[in-house]
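Enquirer: As a plain string of letters, each chain reads:
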Amino acid sequence: MTDAPSRPAVEVRGLTKRFGARTAVDSLGFACAAGEVFGFVGPDGAGKTTIMRLLAAVMPPDAGSIVIEGVDAVREPERVRSHVSYMPQRFGLYEDLTVDENIAFFAELFGIRRNDRDARAARLLAASGMTPFRKRRAGQLSGGMKQKLGLTCSLIHTPKVLLLDEPTAGVDPVSRRDFWRILYGLRGEGVAIVVATSYLDEAERCGRLGLMREGRMLYCDTPSALKALMPGEILAIAAPAPRAARDVVASLEGVGGAILMGDSVHVVVDGAARRLGAIEAALAAANVPFDEIERIAPSIEDLFVSLLTEKAE
Amino acid sequence: MMLRRVRAVAQKEIIQILRDPRSLMVVLLMPLMQMALLGYGVNLDIKHVPACVFDREGSQQSQSLLKAFQASQYFSVVESERTYADVTRAIDAGRCKIAIVVPHDFSETLANANAASVQAILDATDDNTANIALGYAQAVIGAASGNIQLERAQAMGQPPPVVPAVAEYRVWYNEDLVSRNYIMPGVVALVMALVGAQLTSLTISREWERGTMEVLVSTPVTSLELMAGKILPYFVIGLIDAAFCLMIAVFWFQAPFRGSISTLFFTTSLFLVVVLGLGYFISASIKSQVGASQIALVATLLPTTLLSGFAFPIEQMPAPIQWLTYLVPARYYFSILKSIFLKGSGIADLAAPIAALALYAAVVGLLAARAFKKTLG
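If you're matching them up, the sequences are chains A and B in order.
Position one of the first sequence corresponds to residue 1 (our numbering), numbered consecutively onward.
Position one of the second sequence corresponds to residue 1001 (our numbering), numbered consecutively onward.
Please note that a few of the clues may not be correct.
[To be verified] With a Cα cut of at most 30 Å, we get these calculated DSBU-like pairs of lysine-lysine:
{"hint": "1", "chain 1": "A", "residue 1": "LYS135", "chain 2": "A", "residue 2": "LYS160"}
{"hint": "2", "chain 1": "A", "residue 1": "LYS160", "chain 2": "B", "residue 2": "LYS1343"}
{"hint": "3", "chain 1": "B", "residue 1": "LYS1373", "chain 2": "A", "residue 2": "LYS160"}
{"hint": "4", "chain 1": "B", "residue 1": "LYS1287", "chain 2": "B", "residue 2": "LYS1343"}
{"hint": "5", "chain 1": "B", "residue 1": "LYS1343", "chain 2": "B", "residue 2": "LYS1047"}
{"hint": "6", "chain 1": "B", "residue 1": "LYS1374", "chain 2": "B", "residue 2": "LYS1287"}
[As the list claims (entries may be wrong)] Beta-carbon label-pair distances, calculated as ranges:
{"hint": "7", "chain 1": "B", "residue 1": "GLY1211", "chain 2": "A", "residue 2": "GLY70", "range": "47 to 57 Å"}
{"hint": "8", "chain 1": "A", "residue 1": "GLY143", "chain 2": "B", "residue 2": "ILE1347", "range": "54 to 64 Å"}
{"hint": "9", "chain 1": "A", "residue 1": "GLY262", "chain 2": "B", "residue 2": "SER1285", "range": "48 to 58 Å"}
{"hint": "10", "chain 1": "A", "residue 1": "ARG123", "chain 2": "B", "residue 2": "MET1247", "range": "48 to 58 Å"}
Since the hints were made in silico from the structure, they are not lab data.
From the three backbone atoms N, C-alpha and C, an ideal C-beta is built for every residue, glycine too.
With the rest of the complex left out, here is chain A (with noise of 0.2 Å):
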C-alpha cells in the first residue's frame, strides 16, 4: 500500500460505549501514528478501560468507527487480531504456566515459527532481565515481572499496535523503567502504543495525552503544549501539616485547586504574586504552620487537577 506512512495506525471517530443509562465512553476521536505513544489519563471511571477493550475489539461499541492498520475493527475484529496486542489491567496469562510455556502459548495463537519466537523471547526477556526466570511459573513471579512477562506475550508476534491497560500498576520503580525502557525501544520500531494509565509521571512520558473525565475526551495534546494551557499558576506550599494548609486554603479567592503532593500542597491559583500574601495571612490566621511557598512550574498532576476542575465549573 502506498499510502502506509501517512495512515495513522489507529484511527477512532465518533467511538461511543454505553452501559444501561452511563455512557462509558462519549463520541471519543483520536489517531496514533506509527511509532507515537498515545496516553489516557483521567480519574477512575473516566472510561480509559472501556476505551482499551473496544481497541482490542474484545467489546462491541455502541457507536464510531476504529480502523486498525487500514481494517474496520468494528466491522471486523478477527482481520485486525494480528496486528493488535492488549494487555488488559489485570494480569491475564496463566500463573500454572511457566515464563517459556506462556510465551510458546501465545506464539502458537498468533502461529509464529518456532525459530522466530525462540530469537524474539530470548531478546524481550534478556530486555527485561527476566532471562533468569524462564522456567518459574507465572504465579510465583514478582508483581513487576509479571507485567514484563504480559509485555514479553503480547510482543512476541510483533503487532503494529500496542494497547495497554495500567501497565504499571504496583509495579516496583526499576521494573517500571525497565517497561518503558522496552516500549521507547518498540517507539523505534513504528509500533503505535496507546496506553491508559493514572499515574502521571506516566504520563509526561507519552507522546500525546488524552484527558478523560466521565467517558469525555476533555483535552488532546502533547504534555508540554497541555502545560501551557495551564490557566494560573502553581504555588508550592511545604508545610509539615499539608492536610490542613490544604483544607485552608482551598476555599480562598482566586484559587483554583489545590492538591496533596507528598509533603507539600500545589495551589492553583490565578496569579502568584497576587494570592501569594493572602494564603500566608490565611494559614498564620487559622494556625497551620508552613515552611515555604514558592511558585513551581505546573507538572502533569497539576495541569489535570487545574484543567479537569475548570471543565467541571
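For chain A, the structure is supplied; the task is to place chain B on it using the hints.
Expert: Here is chain B on its own, set in the frame of chain A:
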C-alpha cells in the same frame, strides 16, 4: 480452524490439569467412589427377608411347608411363635417383615378340599419389599403344597393330582434375574454423565474468573478452536474414567459382559462427546466456576437418575414424561450399555440409540460453540 491453535490450547490445558494434582485426583477418584457407592448401595434384589412362623397345626405337612421357607434363600426364619399376640409383637418390633401362619386344619383341608389356605401377615411400611416378599411367599407355598399333594397321592397309590397348565419360564439375557446385572450398566451411565459434565464445566468459567479470558479473546483463536482444544484433553480423561468404571462393573461387581470392546469404545466416546459438550456449554454460558459446576451437577444428576430408565422403567411413565426422557442423553447410553452387556449387541443392533446420541452430540456441539462469544460482558 487451525490445528496448530487447537493443539496449543490442548497442550496448555493438559499442563494445567497435570499441575493441579488435587483436581486431577478428584477427576480420577470421583468416578471410582461413585461406582463403589452406587454399586453397593443400589440393589433391587430382596433376599433373606426376616420371617417368623406360627404353626397352629404342628403336623408333618405343616412342618414340611415351613421347612420350605427355611430352605428358600428369599426368607430367613428368625423365630417361631406360639400365639397371635407373639406374631403381632414380632412384626411391631420389626424383628420380621413377614409372618406365616399355618391354620390348625391345614393338612385336613388339603386332603379333603384339595386346597388349603395359609395366612401371611406382612409389614408393608416398605410396600415394594412387602410386594416382592408376598410374591416369593406364594411361590414357596405353591411349590411346597404341590409336593405335599404329590407325596400323599403316591403314598395312597393314586394317580398324581391333575395340575392345571403351568407356565414354563425361560429368562433370557439376565438368567438369574439378578438386578445388579441390570443396575451396573445404569451406574456406569450415571457416573459417566456426572463426571463428564463436571470435567468441562469449569474450563471456560475458570478463565473468566482468573482474568485470562480477556487476553485470550483478543488473540486470533476462534471459538471452535478453543472448544476443540479444551474438550480434547478431557475426552482422554473421560475415556480413562470410563475404562475404570467399566472394569469395576465387570471385574468387581461381576456384571456379565457379552458385547465387543470396540462397540463399547465407540458408543462410550459418543456419549462422552455429548456430556463433555454439555459441561462446556454450561461453562461458556455461566461465568462463575461454582455456578457452572452446580448447574452441571443438577443438569446431569436429576435427569439421569429419574428419567434415564435406570431407577424407574420408562414404559411405566405417563406419556408426557416419556417424551421428556428423549431429551436425556443417558437414556440412550443406558440402553446401549444394557444391550452390550447383557445381549452382546453390536453397532448395527444399536443403530437407533447411536443415531440419537450422534444427533445429540451435534446439537450440543453447535450450542456450545455458539455459547462462547469472543466479547466481554
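Enquirer: Broken hints, numbered, in rising order?
Expert: 2, 4 and 7
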